[in-house]
Amino acid sequence: MVDVDQIMSHHFGHFAPDEVTAGRITWCRKLPTNWLGKQLAQWQRKRVIRDLDGPLDLRLDGIKLRVFLVDNVSERSYVFMPWRFDALERELMQKLLPKDGVMVDIGANAGIYSCLAARQLGQSGVLVAFEPNPEMVPRLRFNLESTLADCKELPRLEIQSIAVSDETGSIPFYLNRQNLGASSMIEDQQGQCIDVECQPLLDVIESLKLSRIHVLKCDVEGSEDRALVPFFTDAPNHLLPGCVIIEHNPEKWQLPLLEVIKQRGYVQSHRTRMNVVLQQRRLIKLSDPQQVVRKAVKNSSVAGLAHRESNSNP
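Using my numbering, read the sequence shown as starting at 22 and increasing by one per residue.
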């Protein structure tokens, strides 16, 4: 097992890529968003991972990430093929999140959504990031702290190392060693089972004394219904998010999640490869997903990062 605490003790830039690796990643992120681009990116990704002996420190889209490409599919996707990692959803989140906004990220994983949101928020903004996986929490925290290290205005950060569910107490949590981002509360006979603390979302939001939520994202590998149905059933109107981004796992849900949300005045505004987006009030539509992707990767070069960051003080 990787000693995450020891790895995270090094300053950002300690694991900066060499010029060849940085060039390969930059090349992949600028590939066309079609079948050929996917095949070429996967081929180049294998070459990069083959030569790795640890994580990489990367600046991507204005955020700083220490990425582990071997054990997390989300990190691999975002690094090499950003158009396949929620490009439209990320763009929409940033359009809807003001500097004094509130972002709730349920299933924050390594913090890609959370870091993008935190970078955009000002000192009156709030980010609440839930991540129950004990192996991911240090990675999430490091990425957020690194991303915000050079920001003049720091939002309020609330990192909750618990699961969001329909009960209070502890709950079985199944670790997926091949893809830590796929660890979940749904029973997996092949995954290591640990107990994690869980609380209903509304209880946490009220304990944090939040008065509004602008964007809520929920990706908990099939337990989205247990995380969100109680909230959208009981939450007062002023806590209903303006936008909800949910990983679409209807085959795993036991509760009518989308129907419950729509009964609170939401409409489905987007359906993407992995997610469903629901909004209330004024809809923000992104009619050209390809334009969103092109904008997302326009300045995605990581070349030169090794030189810039390797000279940082520990």
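Simulated from the structure, these hints should not be mistaken for lab results. Any given hint could turn out to be false.
[As the list claims (entries may be wrong)] Taking CB as the label site, the calculated pair distances span:
#, residue 1, residue 2, range
1, 116, 224, 38 to 46 Å
2, 255, 27, 38 to 46 Å
3, 289, 56, 21 to 29 Å
Glycine included, each C-beta is placed from N, C-alpha and C at the ideal position.
Run through the hints listed earlier and report the numbers of any the structure violates, in increasing order. Hint 1 alone not satisfied by this model.
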